[in-house]
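Read off the chains here:
Number of protein chains: 2
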Amino acid sequence: MKKILILGAGLSSSSLIKYLLDHSNEHNWKIKVGDVSLSVAKEKIMNHPNGEAFEFDIFNEIQKEEEIKNADAVISMLPARFHPLVAACCLKNKKHMLTASYVSDEMKALNEEAKIAGIAFLNELGVDPGIDHMSAMKVVDKIKADGGKMLSFKSSTGGLIAPEYDNNPWNYKFTWNPRNVVVAGQGVSQYKQNGDIKYLPYHQLFERIETTTVPGLGEFEIYPNRDSLKFRAAYNLLDIPTMFRGTMRRPGYCRAWNVFVQLGMTDDTYVVENSENLSYRQFVNLFLNYDEKHSVEEKIAAKFNISMDSDIMYRLKWLGLFEHTKIGLKDATPAQILQQILVDKWLLGKDDKDLIVMQHQFEYEQSGKKHRITSSLVVIGIDTVQTAMAITVGIPLAIACKLLLTGSINVTGVHTPVKKELYEPILHELESYGIKFNEEEIEL
Amino acid sequence: MKKILILGAGLSSSSLIKYLLDHSNEHNWKIKVGDVSLSVAKEKIMNHPNGEAFEFDIFNEIQKEEEIKNADAVISMLPARFHPLVAACCLKNKKHMLTASYVSDEMKALNEEAKIAGIAFLNELGVDPGIDHMSAMKVVDKIKADGGKMLSFKSSTGGLIAPEYDNNPWNYKFTWNPRNVVVAGQGVSQYKQNGDIKYLPYHQLFERIETTTVPGLGEFEIYPNRDSLKFRAAYNLLDIPTMFRGTMRRPGYCRAWNVFVQLGMTDDTYVVENSENLSYRQFVNLFLNYDEKHSVEEKIAAKFNISMDSDIMYRLKWLGLFEHTKIGLKDATPAQILQQILVDKWLLGKDDKDLIVMQHQFEYEQSGKKHRITSSLVVIGIDTVQTAMAITVGIPLAIACKLLLTGSINVTGVHTPVKKELYEPILHELESYGIKFNEEEIEL
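Protein chains in written order, with my numbering: chain A, 1 to 444; chain B, 1 to 444.
There's no promise every hint is true.
Identical chains share a label here; the pair holds if one copy fits it or two copies do between them.
Straight line, CA to CA, 30 Å or less: simulated BS3-like cross-link-like pairs of lysine-lysine [to be verified]:
(1) Lys293 to Lys198
(2) Lys3 to Lys108
(3) Lys317 to Lys303
(4) Lys299 to Lys138
(5) Lys299 to Lys317
(6) Lys370 to Lys436
(7) Lys92 to Lys3
No lab work stands behind these hints: they were computed from the structure.
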């Protein structure tokens, strides 16, 4: 019997846990799920005889040591800042570890030690990062194997609301951590276009937008997603002239969201004085110039050079931003206040289904001719537990864990799924879960 | 004999050291000046018999302990991050300490211990912070003593080039630390206007500009200077409807500087790839959209909606920003590269004189009538050593040190010069150095 330990049983763990329980008899697995909330962990186990839920505290050294010592593989679904605590303990006890998070420098530094210990630290095994890497590398490797030369790689992902349930003017609902949506893109974004490196500060992010069409879904906007440059090395495309990763939103979202960015309403670095007693309307006015002759709405219209009945103004009004609703949050940052305003309106309904959309564009040259492959993925959630986000984050992670425990993959050290021996079997099995890219190729 | 220890002998220490040496016979002082560069320390002593220069390393614990133990008062002109190291040692050895820097939370925390030790930690004794506090509190205290009620306090300072030597299109030269000028204003600025709190993100800072006139000098632009709100408590003006501190520049500077801020060229948080081999022109292009049909100049003109022969474009061109000059700096941040471009052009000439300009505006109500006092200070440097900056930073600090050692002021604990017993004697003596405010009062 193999024991799998899952730490963190939040929304994005549901499909992961379900897959492992569904396959537990076949492989003779015991699945232990720890969470700060015992009831959350229990919910995910659903009384399955091979599952066990327990209350887990990452700061309880004795418990952490004991649980990891008894496991054969550990999957950390905790916030990424806690991964190093788990990794250190896995290293000490020589246990495999898997995450859906970006490899941190701390994680990378464990590569040699993990190799010596004969264990695998597999990361970036979710959707973005995760499925994006795997599906991209499959095509890139094929182009290279066929003698093609990569000219351009662009890839974008969006976690959105399924079209059928898309009923608000932002065409957006919170299908994952709201906080991450509010602070998304802070810092500088970096990419390469036709040989030129480009740096884009946060306050310009939602102004440099591309658009694309996804078959069956229609139009999307794309804004740059943090550091695309580092993936040149990860994808072994060091000299590629164009390297761009983006985030997808429905048309019009970025220009409206840009109002929040421009005004400073997404700042999470300081506390607003007297935040508890301010109204939403007063909150907005904190960021506008003093002008007793004009209303908050008029000042926004003037600042952004938009009319009072513009699309943007309609979206802002729809959020209740200009209402006299009291904030009621003590010592809150602007980002925390904005999040509260949004959470009320962008709430996923109990019958809603979410959407994961991903699109890669590969341009390459072969035998003197230029080609473009457009590869698109659309995943719709099953319900509000088995969401598209939970499925696409959890299933590749679960498959990787299975492959590792059954000896089908044999790696040690710190990895992301950019190697064929990792991405090939995972992508293959993902197809049976409807996670399959639709590929189109044209000659340019 | 009293011994005064000065740590840090950079440009802004020259007037401080000169004052103390000039008064050393009268008061029987010995002045020791330590700097990382022995020659810099020696220059400032100018072979004065009461002075002694030595090479000082803040990380040499033994030397620090020894020097501070032998002193009666310590003046730290080191970068502000080193003050806590000096303060801890002063506390241990029960020595007074003075700085021209903002009181940090670390410094504030030493208040009780310093009181118990019977020593004074006097801070914010330069020009801004320093003379601004003293001159403001003198007027505020008088208004209050006369039964007036403060309605508005606005105060701005500029470190600029004297009009006679002002011969470039930016009307600006580096009269102090260039790095601080490049990154000035990063973070959020906060102020209060007519009862409304206002938060201004960095990328909006140079767009929300006020203007003022200083008698004899003409027009200035003012942009908000970081956190004005905290001075409500420091100045005992907790309920004042308007509280604003600003930085002064010559007209047109802010709109042109805003180009750098908008493009992200003042960012100091990441390293530009291949910075060494890029040209100034390529550096600018890093921050502009890819567009092979338009030149760097055309893209800037389009982005900022300015014409190719506009004032802003002229200022940018004058800096050499569009030249093919090689950067030659390895692993440099955008801010470091921008600084290098500016340092070449904004260099203070050997015969140049600098300018410190400060203006307060007080509005108050008394017996049902509203009044406005405008109080302005203009200081022109003597030469490139005794600059206006060095004089206004160093002389108040030197006077405070004298008052402390002669027992004319008697305080213990951590202080800034907002109390009458501190500001009154300092301001009085500053007048003999030409540091005197010109006051005008009108009824509103």
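Do the hints match the structure? See the list:
no., hint, verdict
1, Lys293 to Lys198, "between (41 Å within a copy, 17 Å between copies)"
2, Lys3 to Lys108, "within (26 Å within a copy, 54 Å between copies)"
3, Lys317 to Lys303, "both (16 Å within a copy, 28 Å between copies)"
4, Lys299 to Lys138, "neither (51 Å within a copy, 38 Å between copies)"
5, Lys299 to Lys317, "within (14 Å within a copy, 34 Å between copies)"
6, Lys370 to Lys436, "within (25 Å within a copy, 74 Å between copies)"
7, Lys92 to Lys3, "within (17 Å within a copy, 57 Å between copies)"
Of the hints listed earlier, the one the structure fails to meet is number 4.
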